[in-house]
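Q: Protein sequence lines, in the order shown, are assigned to chains A, B and C. For the working numbering, count along the first sequence from 1 and bump the result up by 136. For the working numbering, count along the second sequence from 1 and bump the result up by 36. For the working numbering, count along the third sequence from 1 and bump the result up by 13.
Among the clues, some could well be false.
Stated by the list, open to error - With a straight-line Cα cutoff of 27 Å, these simulated BS3-like cross-link-like pairs (lysine-lysine) come out: (1) B:331 - B:455; (2) C:157 - C:170; (3) B:331 - C:100; (4) C:47 - C:115; (5) C:157 - C:115; (6) C:47 - C:256; (7) C:243 - C:256; (8) C:157 - B:331; (9) C:157 - C:47; (10) B:331 - C:243; (11) C:170 - C:47; (12) B:455 - C:47; (13) C:256 - B:455; (14) B:331 - C:170.
Said to hold, decoys possible - So the derived label-pair ranges between C-beta atoms look like this: (15) A:144 - C:38: 50 to 60 Å; (16) B:270 - C:109: 51 to 61 Å; (17) A:275 - B:81: 24 to 34 Å; (18) C:109 - B:111: 33 to 43 Å; (19) C:91 - B:215: 44 to 54 Å; (20) C:270 - B:461: 45 to 55 Å.
These are calculated hints, taken from the structure and not from any lab test. Predicted, not measured: the structure shown is a model, and the values here were computed from it. Yeah, the Cβ is synthetic: ideal placement off N, Cα and C, and Gly gets one too.
Each chain, written out:
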Amino acid sequence: MALAIQQLINGLTLGAVYGLIAIGYTMVYGIIGMINFAHGDIYMVSAFIAVTGFTLLASLGVSSVPLALVTVLVLSVLFTSVYGWAVERTAYRPLRGSTRLAPLISAIGMSIFLQNMVQLTQGARVKPIPPMFVGGIDLFTSEGFTVRLAYSQILIVIVTVALMSGFTYLITKTSFGRQQRACEQDRTMTALLGINVDRTISLTFMIGAALAAVAGVMVTVYYGVVDFYIGFVAGIKAFTAAVLGGVGSLPGAMLGGLIIGLIEAFWSAYLSAEYKDVATFSILILVLMFRPSGLLGRPEVEKV
Amino acid sequence: MSAPVYAHEAPTAAERVKDALAVAFVALLLGIPMIGLTTVDQGGSLVVATRWSWLAAFAAACFVGRLVLRFSLDTLTRRRTARQRAAGAKTVKIAGASRLVSTIGWVAVAFSLLLPIVFSDNRYVVDTATTVLIYVMLGWGLNVVVGLAGLLDLGHVAFYAVGAYAYALLSTQFGWGFWTALPVAALISAAFGVVLGWPSLRLRGDYLAIVTLGFGEIIRVVLNNWTSLSGGPNGVTSIPRPTFFGLAFKPPGDTPTFAGFFGLDFSPGHRIVFLYYVILVLCLLTNVFVTRLRKLPVGRAWEAVREDEIACKALGMNVTNVKLSAFVLGAMLGGVAGVFFAARQGFISPESFTFNESAIILAIVVLGGMGSQLGVVLASLVLVLLPELGRDFAEYRMLLFGTAMILIMIWRPGGILSKREPTLRHVKDGGRA
Amino acid sequence: MNGVHNILNVERLSMRFGGLAAIDDLSLDVPVGKITAVIGPNGAGKTTLFNCLTGFYKPTVGSVRLNHPQRGTLLLETLPSHQVAHKAQVVRTFQNIRLFPKMTVLENLIVAQHNALQQASFFTLAGLFALPSYRRAEAAAMEKAVNWLTRLGLIEKADTAAGDLPYGTQRRIEIARALCVDPILLCLDEPAAGLNPRESAELNELLMRLARDEGISILLIEHDMSVVMKVSDHICVLNYGRKIAEGTPQEIQNDPNVIKAYLGEEDADEELHAEVAP
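Next comes chain A alone, as it looks inside the complex:
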């Protein structure tokens, strides 16, 4: 029982991170109808920015953990959203209105590019940072097993909840949110109404990247290690989360993220840690087979 609760905590933490990345997939899919394969790598870039940021702040003598965290979050969000913007501008925008396959291949190219660029400029080795949020709250002990809620986990959950509230406000209440949703429904019509569609799409990519950046910083804090390959696996999992929740649905992405996180945590604890990725991918295939519109997505009507 204690183990189960511990895995619940771990799974929710992990799931929050997947959810943040999944929102980037879902938003981009909603607005331009393509899978942004490079999104996982954007997240990886942000994790590297976080590592550099933390190391830099430490060498400058900043010892306050909250200050360091906020600074790194801001920096990472800023730089990563520039990456999000640049990716869309260079690899996807010129292909709008091209064949169905072209932007997908371009996205794969971008993913390969980012991975190898980081490997070349930052090195192929795993980057560790010294632990910052050590300790946690011991909840209770049963059968000799102590259930522990780490501070970093609390941080992740709080940041995610705060971010999600702000983000929901942004999409439902602001004029950008309306433009974004309008573009999802009908891009041509939105353009005819005098809304700058290109700008809205760019902003969508930047917001997706910003959310991924927060996820990247959180993961860096949580695990304390980063390498250039983390974007690939996290990307597939977050995409699975987006599909599971229903591509195009924002609450769905978060829900999907949480479910994937929980499955992974429980699978690792009770079945086998080696096969946890297999479990995720199998879920992806099963969901696509039996409920392609996901848990919260609307069934897609084929446009004829």
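Given the structure of chain A, go ahead and fit chains B and C onto it with the hints provided.
A: Structure of chains B and C alone, referenced to chain A:
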């Protein structure tokens, strides 16, 4: 009535500089965290290192690059519009382009047949050529799926792995020979193709990409962890090499050997040349097979599905079956390449079947020209030979592939050799008589 | 049904998307060997009707019965879209032309005969070895394609990529391609859209010949009244997913409901008649 004016204003020098400055500024922002700053390991902990001069060079390069690019693009567009207006918007058709392609094809076949004879004393060349041919085989397999049927398969390496492990296990555990295991392993790969394709091919096209990507990872994870079957990360060793009708390529011993039978002096080079010819024959068979299929109903259906799936349905085509046939054929050809790979290396491990490998195969198909057989050969040559030219190239190889994939999609979404030959003609000789 | 044999009976068909009823309790009979037009303002549910008939949408309620001369009664709403074309021989074209743009015109027409050829090639095996049986089938397919291309005046363009041709020509190619499937019921979604007056007149001629000489029943969605009033034997008017009138062109022109609902108020009458003046 005034004629419509098409002239687009040429930007002024100031505008050009402003545009380039903006690009350089973005490049600077992108470069700060990746080029300007990095962390290095110093005595067990990370310290920040700076490379501001690199960053400055990068931003300057972007500035100049943007200026040059914009200028040449503008000039090009202007010239083209002028030419089109002069020619009355008629496009000039290059006559005999197809004949040129087929000539190059035949020259390539002749050259590849003669290669081991020409380079008989150079094992390195024959060995590298064998590697090129493995990629050609993989590229042709994937080309059916991506180039002809328009299905984005990001896990082609999974079928390559299935083929390789199927042969490795059949030969080491059950003592099967290369030639008996080859068709069986190919069928096993094809079966995996059916199992994966049947559920996922009914879905929207881009879901297939992610499913195949996931499948590629599943196969790798399973191979890494199912130690009792696959040997885990250590892989399978001492996989038997193919024999020449039962004659082994070994130093003279108890069993009849190739050298002994033909009264030759034993040389390890024999096996390398033999392996080369095996893969060459497999490739040529594949080429004949795929070229023939393209001109059959099934091949035309692949292309039609790529062009417009909904129209295919409205014409009574079972689109899922059409896609499945392409996907399974691709899987089977990937499996054949895998069998050969295992037999040639004598050792396989999950390391050879990472996503990077899938990406390389996809790059070969995309760069070569989707649907073009010759394009795949050229792209394989370039992609295998580039890293052989020097270590620097090897390091930057994947970076270049990624960049090239983006650029080619923007420049020619059909691939470099994207001129399509009709599968049949009304007017026979191709000209308008 | 006044003794007229019908090829298609649509019975109480409804198609809802969420709260919106794109088609609402529609019943319609399509007489065999005749040209039936479905008209109505934009958004009246005409294309949705086609999508329900041809298996692209599954109707929420109702049935679509096809009376096939050889295969008896087929329930189209139960068939997947490719079976509607293959088994029921109901073939459609699309409002926004759907050709295979990179393939030549001839290839487009050969692809339309995929099922027959695939069977003749014994699922590729006989084709692979170019057995005589397959060669004969291929020659027959070519002949059929060339025949339709010639009749539609497209033979000059046979070896050109379909996507490179002008709009009006593409419309005709799509019809020629549909004809290669041997339809017993041909559903044309706005075939005259974007055609110039001459092309439009040729289309009229073609449709009438197809119905008269080939005995192909035609179901037509069209906005161009000069086409509708000239070629139709029977017209069905939709508005907001409901049938508001049905009858011969003369009846429809004089139906006050149609004039009001379909063409707006006063000048509607004018427009309806102006186009039909002989």
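Q: Checking against the hints above, which ones are violated?
A: Result: hints 4, 10, 11, 12 and 13 break, sorted rising.
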